[in-house]
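Novice: Residue numbers (the working numbering), protein chains in the order written: chain A, 1 to 299; chain B, 300 to 598.
One should not assume that every hint holds.
[To be verified] If you want a taste of the chain B side facing chain A, the calculated C-beta under 10 Å gives, among others:
1. ARG440
2. ASP476
3. TYR513
4. ALA586
5. GLN588
Please keep in mind that the hints were generated in silico from the structure rather than gathered at the bench. All C-beta atoms in this analysis are idealised placements derived from N, C-alpha and C, irrespective of residue type, glycine included.
Number of protein chains: 2
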Amino acid sequence: MFDQISIIGCGLIGSSVLRRLKKNKLAKKVLSYDNNKSVNEIIKKENLSDQVASNLNEAVKNSDLILIATPLSSFENVINSIKDNLKFGSILTDTCSVKIDVNNIVSKMKIKNSTWIPGHPVAGTENSGPKAGQFDLFNGRWTILCPDKSIEESQIKKAYSFWEAMGSKVKIMSVEDHDKIISLTSHLPHVIAYNIVKTTMSADEKTKNDIIRYSAGGLRDFTRIAASDPTMWKDIFVNNSSLIIEAIDKFSESLDEFKKAIKEKNSEKLLEIFEKSKEFRKSIIKAGQDTDKPDFGRK
Amino acid sequence: MFDQISIIGCGLIGSSVLRRLKKNKLAKKVLSYDNNKSVNEIIKKENLSDQVASNLNEAVKNSDLILIATPLSSFENVINSIKDNLKFGSILTDTCSVKIDVNNIVSKMKIKNSTWIPGHPVAGTENSGPKAGQFDLFNGRWTILCPDKSIEESQIKKAYSFWEAMGSKVKIMSVEDHDKIISLTSHLPHVIAYNIVKTTMSADEKTKNDIIRYSAGGLRDFTRIAASDPTMWKDIFVNNSSLIIEAIDKFSESLDEFKKAIKEKNSEKLLEIFEKSKEFRKSIIKAGQDTDKPDFGRK
Chain A
1 MFDQISIIGC
11 GLIGSSVLRR
21 LKKNKLAKKV
31 LSYDNNKSVN
41 EIIKKENLSD
51 QVASNLNEAV
61 KNSDLILIAT
71 PLSSFENVIN
81 SIKDNLKFGS
91 ILTDTCSVKI
101 DVNNIVSKMK
111 IKNSTWIPGH
121 PVAGTENSGP
131 KAGQFDLFNG
141 RWTILCPDKS
151 IEESQIKKAY
161 SFWEAMGSKV
171 KIMSVEDHDK
181 IISLTSHLPH
191 VIAYNIVKTT
201 MSADEKTKND
211 IIRYSAGGLR
221 DFTRIAASDP
231 TMWKDIFVNN
241 SSLIIEAIDK
251 FSESLDEFKK
261 AIKEKNSEKL
271 LEIFEKSKEF
281 RKSIIKAGQD
291 TDKPDFGRK
Chain B
300 MFDQISIIGC
310 GLIGSSVLRR
320 LKKNKLAKKV
330 LSYDNNKSVN
340 EIIKKENLSD
350 QVASNLNEAV
360 KNSDLILIAT
370 PLSSFENVIN
380 SIKDNLKFGS
390 ILTDTCSVKI
400 DVNNIVSKMK
410 IKNSTWIPGH
420 PVAGTENSGP
430 KAGQFDLFNG
440 RWTILCPDKS
450 IEESQIKKAY
460 SFWEAMGSKV
470 KIMSVEDHDK
480 IISLTSHLPH
490 VIAYNIVKTT
500 MSADEKTKND
510 IIRYSAGGLR
520 DFTRIAASDP
530 TMWKDIFVNN
540 SSLIIEAIDK
550 FSESLDEFKK
560 AIKEKNSEKL
570 LEIFEKSKEF
580 RKSIIKAGQD
590 TDKPDFGRK
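Here chain A stands alone, though its shape is the one from the complex (with noise of 0.2 Å):
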């Protein structure tokens, strides 16, 4: 599919992709950067990489598919350092989750010779680094590309083949449609995973520990997306800030009415609500989102 490919950060998503990369042969060549030298330490021993690069320019010079898979913050840096190397006919792309800004950045940019394809695989853990890579992380999960209306078909079909490589399942839709969805799947359930920590972690030490103790009432599956990457979080919530405000105001709202129907014991009401979140519940499993086992299957 692509002769050279090249995988700048080398964390949970990065990481995964030389995985799957490796595992099933998809590149003549493959190429990673990682600014972190511990990072790339790792990938040699796990030989996941053909040649770990040791710097940008070297990890992108005739490579046919550059994936950027860094924070967002970093973008700046990164595409000023390889925007003048790249091959012509390439294609860049890369892996973050709010695409209005990341678009903006990469666009004010002025790339030469490659076709930029903003994308987001919606799959993760909690966990990141080299080390937390799985080469099956996108198996049925959805990648989201965002490209310009500009942008050649045959361009845009190379990436969607990439993902469809990586076992994922494309779509292609605007950035402003995507963080608007992803305001509401990904990022407003962190906002409210990561303030129920908040909140009960503001108790005192003694019943901290009680909280702790009793967290299997449902506590700690909020736990587990709060324990994701502080850095790649922190950009998101800088980045895609208005939309995320948005979704915790209709969160808020949507509370208000909730905490009317407690206050009120209008059993009816509260009825009603939990029997629609069980069925919400149902088409989620139906669409392959999730398992139907018990507790996740977490023994």
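Go by the hints and put chain B onto chain A.
Specialist: Same frame as chain A, now just chain B:
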């Protein structure tokens, strides 16, 4: 330990207790009762009880321990039907998630011969009904007992050993402490989970389908506990109403502060919140209350 044990209500919790009693041969005779015929059929078919009683009197007569595992709204009826037929020296206990209200209901009803010890195993899954039960549901989890100060030590010990035999760790506390802690570790998380589902479900049909499709970005974690038994949760919200409202208010106050940090793009504050949350998850895993496998180990 006990010659005869009776289980009233054979859903997720009741049937898990039945499975454990049978597997480890913890009583000479186990009786069960459920007001739903199809539940009783399942209990008979799976041979989980020595005698499926046809009424509550028959179910509790001569039993040394009677466990009520029905929704809270049925307690008055259940206690009324059994209170004059309890064996002298027996233990009457329960499993429900609210203890102040249930204690008030039962204490008012002047039980004869039996010692009332309110209890709550902090364990469960999102599934309900007799088929959802698991013999190891209580393993490593905590059961909270809230005996009145006047209760004899020897009677408390009996209830204590019962839950230890279920695989549970046991903690004694007041009904007030129980309802406060559980409002934070279980009731608030359920409010929030139901509410985030409620918020996202208010979207139009097209958006709703997109939300289901991209739910692996975080949302799906919340839908698990939002799929719990509606009747049980309606009862909990109605009966622990004021403490739950208090917890919601704390949550909202904390959310306002968080929202401010997002609005102001306050990276430092955001990073601080995220780092602390990561630590909190580690504490829960260290306390044996969750798995350290990524994604809860789900596939």
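Novice: Enumerate the violated hints, using their earlier numbering and listing them in ascending order.
Specialist: none
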